[in-house]
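Throw the hints in and build the complete structure from the sequences for me.
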Amino acid sequence: MTTATLAAQPVATAVSAFLPAGHIEIARGPVTVDGERAELVRYRRSDGRNAALGGEHFSTVIAENGRLKGFTRMDLDLVGGQLPSRKETQAIAMDFLRAAAPDLLPALEISWIEPHDEPLRATRNGRTEDLTLTGMKVKMRNKADGRWMWVIVGTDRKVLVFERDIVWVTFPGHRKTEKWLHDAWLAENGVSLL
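With this note's numbering applied, the sequence shown covers 1 to 194.
Derived by calculation from the structure, the hints in this document are not laboratory data. Fair warning: this is a prediction, and the values are worked out from it, not measured in the lab. Even for Gly, the Cβ is constructed at its ideal location relative to N, Cα and C. Fair warning: there could be bad hints in the mix.
Stated by the list, open to error - No more than 25 Å apart at the CA atoms, straight line, and that leaves these computed lysine-lysine pairs for BS3-like:
no., residue 1, residue 2
1, K179, K139
2, K87, K158
3, K139, K158
4, K143, K179
Said to hold, decoys possible - Computed beta-carbon distance windows for the label pairs:
no., residue 1, residue 2, range
5, I110, A184, 23 to 29 Å
6, G80, S46, 21 to 27 Å
7, W168, V31, 15 to 21 Å
8, K158, A184, 29 to 35 Å
Now the structure itself:
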């Protein structure tokens, strides 16, 4: 990473505000996001619980210019539980954007707010299980550049996933932007972080 990225204190502050307690950095490396250089950093629980690919982790992608492109917080403790209402989800998402990505606020348009599932592989009571971590997703479009962004809020009323500047291919209807925060995509593409 460049000195500009290393000096990006607002991003470091934003990331540290969402980094769960008891997590340690285990991998860091350069990646490319829509042709631009960035850095992927992965953290796991310090006790090693469910640390394998597909398990519990906190990961970030930060662009070379220091912009937080996204993060994900996969946590077994958030499986199940009561989801926030759409109104509560929207309020949490807007508060998050004001703090972590205020540049997106003037041109965002909310597309929808709905439950969203993420896979989580975890060992509980000596058995490995494929579980579903559900949050409330606020999907938004940046009217200034046509790219997409979303904030997913967990049952603990905190942000589980944030991604921005996502290029979407309308036909046949799929994401073009690399999925560096998604373990299934990492596995499909032979990326090893562990």
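Unsatisfied constraints (hint numbers, rising): 8
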